[in-house]
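Listed in order, the protein sequences are those of chains A and B. Each residue of the first sequence is one higher than the one before, starting from 78 at the first, in this note's numbering. Each residue of the second sequence is one higher than the one before, starting from 78 at the first, in this note's numbering.
A hint or two may mislead.
Same chains, same names: a pair is fine if it fits in one copy or spans any two.
Once the Cα atoms are required to be at most 20 Å apart in a straight line, the calculated SDA-like pairs of lysine to any residue come out as [claimed, not checked]: (1) Lys196 to Ala281; (2) Lys123 to Pro139; (3) Lys208 to Asp147; (4) Lys155 to Asp219; (5) Lys218 to Ser338; (6) Lys123 to Ser304; (7) Lys153 to Pro139; (8) Lys189 to Lys263; (9) Lys268 to Gly111; (10) Lys301 to Arg112; (11) Lys196 to Val272; (12) Lys123 to Arg112; (13) Lys124 to Lys260; (14) Lys155 to Gln143; (15) Lys329 to Pro184; (16) Lys268 to Asn316; (17) Lys208 to Asp271.
Simulated from the structure, these hints should not be mistaken for laboratory data.
Number of protein chains: 2
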Amino acid sequence: VRLFLAAALLLININIMQNPTAAIIIIGDEVLSGRTLDTNTQYIAKKLSEIGVDLIEARVIPDNRQMIIDTIYELKTKYTYIFTTGGIGPTHDDITSEAVAAAFNLPLELHKESFEALKESYASRNQVLNKAREKMAYIPKDAALIPNPISIAPGFRLDNVYVMAGVPYIMEAMLNQILPLLKHGKQVKSKTIDVIIGESLIAADLESIQNKYPEIKIGSYPFKLESQYCTSVVLRSSNYEKLDQAYTELLKLFENYSQVS
Amino acid sequence: VRLFLAAALLLININIMQNPTAAIIIIGDEVLSGRTLDTNTQYIAKKLSEIGVDLIEARVIPDNRQMIIDTIYELKTKYTYIFTTGGIGPTHDDITSEAVAAAFNLPLELHKESFEALKESYASRNQVLNKAREKMAYIPKDAALIPNPISIAPGFRLDNVYVMAGVPYIMEAMLNQILPLLKHGKQVKSKTIDVIIGESLIAADLESIQNKYPEIKIGSYPFKLESQYCTSVVLRSSNYEKLDQAYTELLKLFENYSQVS
């Protein structure tokens, strides 16, 4: 029994120490056709990183009902949080709300407060709530709203799935309301050394420091500067003491190379 | 029997008419941390679209051996082609080649011609092939090489999986050699109308045209221009006659609205 208790406590402890995890689902034919460069992933990635939520994967899928359902269904049990962007607007190709509802086996319902808010918003611009606009007030039953301070039409949350707009500035406004409500983990901090030398010449140094500091993730990213080979060495960790140590050691190993100023 | 034959012919016919499909796997912690904006997906998407290969999904995953193996394993039977970028360089965090080999249950082997080519290339710059550089000549057994005209270290193909560099200009050089070797489908062409009106006011028009032309995909993308609501309406299809017809009909429906010049 004592052993069992110790094991249980250890598990609880590991669980407490681990950061929440996340996946992003970018929904939109326009990204897969190459028409649109997805920048939502990078924005969400940076924001999650700041609050210690570990982004494990991102997927781009088409405006296809079955693929939305399958992807939501697969990922929602794998990660603490799922964030989707795209497909909640007024037109025929906006099918995300209905598909997410289906993934949870829930009906779409007219959300009265959203309906009134949209009606009021359009009335203030001397416009009417036509059928297309009304569509944006249909939300899966019992979903929690994600307010949209910009164009009123809300996003929503079902369990751990956050459904947001695809237009970047609207998505950003939604995300920034969601972030304070999430479990925060320990922020992964990073330190970067941009050194004027090709990465293959410092590979052995990087590997030795990586082996010495398993709690740090060391990434090596080559780039060119006026035809000189350079390397951006990025150290990432939520153990700030070890991060400082590894950084200091690498700086010392690199003292004979110039750094990009 | 006649019915069976007719059904078989129909199936063959459908198969011939369908475009090849593809998925992209972007491998790199730097994209998931928000450090790097992925532009490889858009480049590959545009190029595939030009040759009639339908990109069905794109995934960003970390430099994590098991996730690389699992993702390759899952996707390679789902689509005609898989394209990966990232993780084939000389440093400790470049683990893609080994992981892809493992997904196919193959060993990594020193590829003699690549080894010689790399040695020669470095010798021409008065440099030696150190252990890190040598690593780039290790390729899964029996893989076909994807030549790298820029920095020599090759990518490779195993069955339908194309493994390319992550640095955009190197990836692009590799992809442009691969494209002529792929099965080409019928190119999906697109026509765009940028109209100065909010999408909710043309939603009914769009839906009616969408219903009339099921072989066209009509996407509606809102944007703002000097605080005016605008909509980019994109029609995509490999049926060019229907595409022209739908486009002409939409232009007529929009004749009372200004277009973005």
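Structure-based check of all given hints:
no., hint, result
1, Lys196 to Ala281, "between (64 Å within a copy, 18 Å between copies)"
2, Lys123 to Pro139, "between (24 Å within a copy, 15 Å between copies)"
3, Lys208 to Asp147, "neither (29 Å within a copy, 44 Å between copies)"
4, Lys155 to Asp219, "neither (22 Å within a copy, 35 Å between copies)"
5, Lys218 to Ser338, "neither (55 Å within a copy, 43 Å between copies)"
6, Lys123 to Ser304, "neither (30 Å within a copy, 28 Å between copies)"
7, Lys153 to Pro139, "both (18 Å within a copy, 18 Å between copies)"
8, Lys189 to Lys263, "neither (39 Å within a copy, 46 Å between copies)"
9, Lys268 to Gly111, "between (33 Å within a copy, 14 Å between copies)"
10, Lys301 to Arg112, "between (28 Å within a copy, 17 Å between copies)"
11, Lys196 to Val272, "neither (57 Å within a copy, 24 Å between copies)"
12, Lys123 to Arg112, "between (24 Å within a copy, 8 Å between copies)"
13, Lys124 to Lys260, "within (13 Å within a copy, 41 Å between copies)"
14, Lys155 to Gln143, "both (19 Å within a copy, 15 Å between copies)"
15, Lys329 to Pro184, "neither (61 Å within a copy, 37 Å between copies)"
16, Lys268 to Asn316, "within (12 Å within a copy, 52 Å between copies)"
17, Lys208 to Asp271, "neither (55 Å within a copy, 22 Å between copies)"
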